[in-house]
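Undergrad: This is what each chain is made of:
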Amino acid sequence: MAEAQPIVPPLVIPQEREGSRPFVQVLHDWIVTVDHKRLGIMYFSYGILALVIGGIEASIMRAQLAVANNNLVSPEVFNQLFTMHGTTMIFFAAMPIVFGIANYLTPLMIGARDMAFPRLNAWGFWMTAFGGIILYFSFVGGFGLYGAGSAPDVGWFAYAPLTSPAFSVGHSTDYWTIGLLISGFGSIATGLNIMTTVLCMRGPGMKLNRMPMLVWLNSVMAFLILVAIGPLTAAQLMLLIDRFLGGHFFDTQAGGSAVIWMHFFWIFGHPEVYILVLPAFGILSEVIPVFSRKPIFGYNIMVAATVAIGFISLSVWAHHMFTVGMTSYANAFFVASTSAIAVPTGIKIFNWVGTMWGGKITFTTAMLFSVAAVAQMLIAGLTGIMLAAAPFDWQLGNSYFVIAHFHYVILGVIVFGVFSAAYYWYPKVTGRMMSETLGKWHFWLFLIGFHMTFDFMHIPGLLGMPRRIYTYEASRGWQTWNTIVSIGVIFQALAVLIWVFNATKSYFRGKIAGSDPWDAWTLEWSTSSPPPDYNFAELPVVRSRRPLWDLKHPEDPDWKYE
Amino acid sequence: MSAESQVKGGSQKPSVLMPAPTAWPFAMAMGTALVFTGLLTDVSVSILGAILSISGAIGWFRQVLPHEQHEALPVEAPAPVPMTVHPKREVMRLPAAKEVQRAWLPLKIYPVTAGVKGGLAGGVAMAIFAVIYGVFAYHSVWYPINLLAGSLYAPSATPTIEDMRHFNIGWLLFATAMHLTMCLLVGLLYGAMLPLLPRRPIVLGGIIGPLLWTGLLYHIIGYVNPILDDRINWWWFAVSQAAFGIVAGLVVERHHRVWTAENMPLALRAGIEAPGLIEEREHGDKK
Amino acid sequence: MAASTMAVPQADVPLSANLKGKVGMWCLITAESSIFLIFVVAYLYYAGKSISGPTPAQVLDIPYFASICLFASSGTIMLAEKALHRGNVKRFGLFWFLTLALGVIFLFKTGAEWYRLIYHEGLTISTNLFGTTYYSLVGLHAFHVTVGAIGLTTILLFTLFGAVKQEHAERISVFGMYWHFVDAIWVVVLSVVYFITR
Numbered sequence: 001m002a003e004a005q006p007i008v009p010p011l012v013i014p015q016e017r018e019g020s021r022p023f024v025q026v027l028h029d030w031i032v033t034v035d036h037k038r039l040g041i042m043y044f045s046y047g048i049l050a051l052v053i054g055g056i057e058a059s060i061m062r063a064q065l066a067v068a069n070n071n072l073v074s075p076e077v078f079n080q081l082f083t084m085h086g087t088t089m090i091f092f093a094a095m096p097i098v099f100g101i102a103n104y105l106t107p108l109m110i111g112a113r114d115m116a117f118p119r120l121n122a123w124g125f126w127m128t129a130f131g132g133i134i135l136y137f138s139f140v141g142g143f144g145l146y147g148a149g150s151a152p153d154v155g156w157f158a159y160a161p162l163t164s165p166a167f168s169v170g171h172s173t174d175y176w177t178i179g180l181l182i183s184g185f186g187s188i189a190t191g192l193n194i195m196t197t198v199l200c201m202r203g204p205g206m207k208l209n210r211m212p213m214l215v216w217l218n219s220v221m222a223f224l225i226l227v228a229i230g231p232l233t234a235a236q237l238m239l240l241i242d243r244f245l246g247g248h249f250f251d252t253q254a255g256g257s258a259v260i261w262m263h264f265f266w267i268f269g270h271p272e273v274y275i276l277v278l279p280a281f282g283i284l285s286e287v288i289p290v291f292s293r294k295p296i297f298g299y300n301i302m303v304a305a306t307v308a309i310g311f312i313s314l315s316v317w318a319h320h321m322f323t324v325g326m327t328s329y330a331n332a333f334f335v336a337s338t339s340a341i342a343v344p345t346g347i348k349i350f351n352w353v354g355t356m357w358g359g360k361i362t363f364t365t366a367m368l369f370s371v372a373a374v375a376q377m378l379i380a381g382l383t384g385i386m387l388a389a390a391p392f393d394w395q396l397g398n399s400y401f402v403i404a405h406f407h408y409v410i411l412g413v414i415v416f417g418v419f420s421a422a423y424y425w426y427p428k429v430t431g432r433m434m435s436e437t438l439g440k441w442h443f444w445l446f447l448i449g450f451h452m453t454f455d456f457m458h459i460p461g462l463l464g465m466p467r468r469i470y471t472y473e474a475s476r477g478w479q480t481w482n483t484i485v486s487i488g489v490i491f492q493a494l495a496v497l498i499w500v501f502n503a504t505k506s507y508f509r510g511k512i513a514g515s516d517p518w519d520a521w522t523l524e525w526s527t528s529s530p531p532p533d534y535n536f537a538e539l540p541v542v543r544s545r546r547p548l549w550d551l552k553h554p555e556d557p558d559w560k561y562e
Numbered sequence: 001m002s003a004e005s006q007v008k009g010g011s012q013k014p015s016v017l018m019p020a021p022t023a024w025p026f027a028m029a030m031g032t033a034l035v036f037t038g039l040l041t042d043v044s045v046s047i048l049g050a051i052l053s054i055s056g057a058i059g060w061f062r063q064v065l066p067h068e069q070h071e072a073l074p075v076e077a078p079a080p081v082p083m084t085v086h087p088k089r090e091v092m093r094l095p096a097a098k099e100v101q102r103a104w105l106p107l108k109i110y111p112v113t114a115g116v117k118g119g120l121a122g123g124v125a126m127a128i129f130a131v132i133y134g135v136f137a138y139h140s141v142w143y144p145i146n147l148l149a150g151s152l153y154a155p156s157a158t159p160t161i162e163d164m165r166h167f168n169i170g171w172l173l174f175a176t177a178m179h180l181t182m183c184l185l186v187g188l189l190y191g192a193m194l195p196l197l198p199r200r201p202i203v204l205g206g207i208i209g210p211l212l213w214t215g216l217l218y219h220i221i222g223y224v225n226p227i228l229d230d231r232i233n234w235w236w237f238a239v240s241q242a243a244f245g246i247v248a249g250l251v252v253e254r255h256h257r258v259w260t261a262e263n264m265p266l267a268l269r270a271g272i273e274a275p276g277l278i279e280e281r282e283h284g285d286k287k
Numbered sequence: 001m002a003a004s005t006m007a008v009p010q011a012d013v014p015l016s017a018n019l020k021g022k023v024g025m026w027c028l029i030t031a032e033s034s035i036f037l038i039f040v041v042a043y044l045y046y047a048g049k050s051i052s053g054p055t056p057a058q059v060l061d062i063p064y065f066a067s068i069c070l071f072a073s074s075g076t077i078m079l080a081e082k083a084l085h086r087g088n089v090k091r092f093g094l095f096w097f098l099t100l101a102l103g104v105i106f107l108f109k110t111g112a113e114w115y116r117l118i119y120h121e122g123l124t125i126s127t128n129l130f131g132t133t134y135y136s137l138v139g140l141h142a143f144h145v146t147v148g149a150i151g152l153t154t155i156l157l158f159t160l161f162g163a164v165k166q167e168h169a170e171r172i173s174v175f176g177m178y179w180h181f182v183d184a185i186w187v188v189v190l191s192v193v194y195f196i197t198r
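For the record, the sequence lines run as chains G, Z and V. The opening residue of the first sequence carries number 1 in our numbering; numbering runs sequentially from there. The opening residue of the second sequence carries number 1 in our numbering; numbering runs sequentially from there. The opening residue of the third sequence carries number 1 in our numbering; numbering runs sequentially from there.
Just so you know, not all the hints are guaranteed correct.
Stated by the list, open to error - Label-pair ranges, simulated between beta-carbon atoms:
hint: 1; chain 1: Z; residue 1: D229; chain 2: G; residue 2: T480; range: 30 to 38 Å
hint: 2; chain 1: Z; residue 1: L180; chain 2: G; residue 2: K207; range: 42 to 50 Å
hint: 3; chain 1: Z; residue 1: L197; chain 2: G; residue 2: T480; range: 52 to 60 Å
hint: 4; chain 1: V; residue 1: I118; chain 2: G; residue 2: L462; range: 55 to 63 Å
Claimed, not checked - Anything over 10 Å on all C-beta distances counts as not near chain V; from chain Z, calculated:
hint: 5; residue: L48
hint: 6; residue: Q63
hint: 7; residue: A121
hint: 8; residue: L185
hint: 9; residue: I246
In case anyone wonders, no lab produced these hints; they're calculated from the structure. Glycine included, each C-beta is placed from N, C-alpha and C at the ideal position.
Work the whole structure out from these sequences, hints included.
TA: Written as structure tokens, this is what we have:
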């Protein structure tokens, strides 16, 4: 927003505060910190690091699949790559990133000075961090089939009986189990913390129905964490009992069931998707109103839809299992519940469009990413509805169509949302603006790359290409599509590099942002950029959903109408 | 904790109490991770991890009890003055909302009965056109009725033309029920949508909408039910759809619009007469 | 105008920060319940699916005494909390000690039952599906009782050294919620393992 000039010069400039001190001292400060903002930054950076690692793994896979009969990597390595890619992206990239955003912004948005349990917050982050380190230690420590270091290769959902001691010799699977178990404890701690913070730490006047949308979505996410991570933890414990103590939970030889692992995993697995996407929805619901210069359309309905998504998402897990062969009643139930979840999601899309309609839209980079995410959510939702129909799923389950569908959600909505958040809140976190020119380059390159990769990935899926194959025959007719898909990766990688460069450069050279560069309405913009350790010298008083609007427009405040 | 922290009006610099930084959660997390890692490597790692987590737990405990450790952070500037009021801000107003400060769109809608009546009237118009087509093309008023029933319900998979020209009570009942339901639902939709459509609602809702719908069906029915597809004259289909749309639209338009209840307080909407309960508003009162 | 100066009544802050211990514990209980739920579902799903013996009917005895002890401990911890709330630290210490003793009796009886099952009945965690599900479900619960007992001991020691005072009543009652939760879970485990599927 060009017309909104910085109102207050920033009080503190980050590098001045830390530049002169020795590195060890700075490192020590970061390790012992219990400040929600620093933990948020650490969560976010950790997630971005994992995003890059998982992205490199994906790029290697795409290079392998770019042409038919390729020998770039061996089948064994390919198995490890897709397992590590999936696990990394879900548990160590996406979750830390959304936790980081929630950690940084929740207290600021509700007018609190810190999370409810600051030390537990630190513990949660370090558990996640060590979980990831354990997982990646498997590359050197997990003695697999060949006596050499071996990463887990059972897929990110690790179906039984692949994980049984007979088929997974050595400890590679155990690294997967224990890494996720540890990070799961950390996630539960963070979920508990966010929930308690939202319920107990709101500043004066911040009623539940005045909370910013992002806080609402984060609290539903926290609820989902509390109920959905438990099943994963329980299933991992059972797997450990099977592998270390000779239990029979998933041992079909002794009467155990491999299908029940699928149930337990997906009871966690599907709410997990919503744990990741709800914060992205929250980001869209903050960015779109500000750059449309209109309050969010249908606040109450948005909140209701969020809560509905939270509940319905707990009852849709077995749509991952249509191809397993369930009873027709089970199929019918999960088809119906999965289709039903499209309704609240559709409501959200309409509300975002309704927010933009008639607004005075400014296409900053943050807004571009958000608008693209709305459009892509629509497409991802449509393929989701297609896959929700059991007969369609019998045909295309476990094909590249499914891969394309869920990457459309995860990249097209979650990652686009995260990029949007990165541009939107960067000035708040660092006190400086990111370059809009580089941002536009980032956006358009990433958009082109994303659509090259994931639009065209639907087609080999429709042509019958199954997921997790390490190569294919040229005669199948999949090669052209796969080549296009792989070329798209180059654009995406380039775009992410531009983003990292932009963030680094702007940290030192960016334009000074001031406390409220976007002329926004939520509380985090009322304090200096970056916020002081105590967030607010005086806790702000809230009378409406847009407290800063009320302050800026005393002649026409919101609280008269809400 | 922040709740207990206060701005201390000290002698010189005010300060805020914040939880003190501590490494014990870090130690405990590392210990817990090592305990599990010991399962995969060596028991000594587990022992180290156990020692680390226990000392971490004790250290953490002592951070919180008996008194929570705080550090006083000086407030670096007097309470940040966040906002100056934008003196001359241009606020865009939606054109529809010139008379009120803030718009809840649509301000006025048609009553529900308008949609019902429009749907029924449109249904009659559509039926007339369809029957005219049946009489001209097949010399039978029953043909279009049987065709409609056949789109969902057909006792025999491939009825002949001759079958379809004859009266069949089951098909008639089924077709009537279907026609009534669809007309009512679409009529309600029209009633709800027409105030939202820009410029010429009748053109959009009466001609373009039905045309799009016909086009969609034209492409889909070929796949879903090829036999049915053969029997439909699509041009005539489009004409009767448009007849429905125009008639329904005209009937709906004849009704007076009413103000939406959305802007009223809950008590008013619930029909409760509650003086004192409803807040008095200063200006820009909602209608 | 009024926007910056108006006073907001305290009632506008719906839950005060003093409640955060309780809310946090409720969240923990939610998460723990979902873990237990999965173990209970596994137990029910696998009931009677073992392809070799021993079966629950052959080896399980209903632990009446241990259960009564554990349920009674919920009552004593309530009395202890009440005493501390009124400032009667001695009475608190007495009931707190009783709670701990009852919890330890429960753990001891569980241990004795496991000893009997392993050494006399030949049922281990790897014997059959029943063994796997039984030891994991009961073991998970026993682990939670153990954690609770460690907490009880810690607080008891602090009481003996005179560090627990009336103002700690709120925090202690948060711990009490955990103990009640552990007891409530035992209601479920007891009825599933010893009554429904035996």
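Undergrad: Work down the list of hints and note, for each, if the structure agrees.
TA: Checked hints:
Checked against the given bound of 30 to 38 Å, the beta carbons of D229/Z and T480/G, roughly 33 Å apart, stay inside it. Hint check: L180/Z to K207/G, Cβ distance near 47 Å, so the stated range 42 to 50 Å holds. A hinted range of 52 to 60 Å is violated for the C-beta pair L197/Z and T480/G, which are about 43 Å apart. Between I118/V and L462/G the beta carbons are some 56 Å apart, a value that agrees with the proposed interval 55 to 63 Å.
Under the 10 Å C-beta cut-off, the non-interface status given to L48/Z relative to chain V holds; the minimum distance is some 21 Å. For Q63/Z, the condition that its CB be more than 10 Å from all CB atoms of chain V holds, with the nearest at approximately 14 Å. With a minimum CB-CB distance of about 52 Å to chain V, A121/Z clears the 10 Å threshold, and the non-interface call stands. Remark: the non-interface label on L185/Z is consistent with the geometry, its nearest Cβ contact in chain V lying 41 Å away (cut-off 10 Å).
No beta-carbon of chain V comes within 10 Å of the beta-carbon of I246/Z; the shortest separation is about 52 Å.
Checked against the numbered hints given earlier, the structure breaks only hint 3 and satisfies all the rest.
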